[in-house]
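Visitor: Our numbering applies: residue 613 is where the sequence shown begins, and numbers increase by one.
A couple of the hints might just be wrong.
[To be verified] Label-pair ranges, simulated between beta-carbon atoms:
{"id": "1", "residue 1": "Lys615", "residue 2": "Arg653", "range": "15 to 23 Å"}
{"id": "2", "residue 1": "Ala641", "residue 2": "Asp621", "range": "27 to 35 Å"}
{"id": "3", "residue 1": "Arg635", "residue 2": "Asp662", "range": "27 to 35 Å"}
Calculated from the structure, these hints are not laboratory results.
Don't be surprised by glycine CBs; every beta carbon is placed ideally from N, CA and C.
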Amino acid sequence: MMKIIICDDSLQEIETLAELCRRFAETNALDLEIKALSDSRLLSVETPPDVLLDN
Numbered sequence: 613m614m615k616i617i618i619c620d621d622s623l624q625e626i627e628t629l630a631e632l633c634r635r636f637a638e639t640n641a642l643d644l645e646i647k648a649l650s651d652s653r654l655l656s657v658e659t660p661p662d663v664l665l666d667n
């Protein structure tokens, strides 16, 4: 399983990117765990992701 964390101040941007990741995963039959955070301070409590999208 690949873990992706999306971090941005804008909730709208986070929701858009998370939805695009979900669609991509479904289309390509990928096993992804997608987390969306609006507060970068919460990154320290997460296990390290395979991909971090931070704007």
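Visitor: If a hint holds in the structure, say so; if it doesn't, say that too.
Guide: Hints, verified against the model:
1. Lys615 / Arg653: 15 to 23 Å: Hint holds: Cβ distance 19 Å, inside 15 to 23 Å.
2. Ala641 / Asp621: 27 to 35 Å: holds (32 Å)
3. Arg635 / Asp662: 27 to 35 Å: violated (18 Å)
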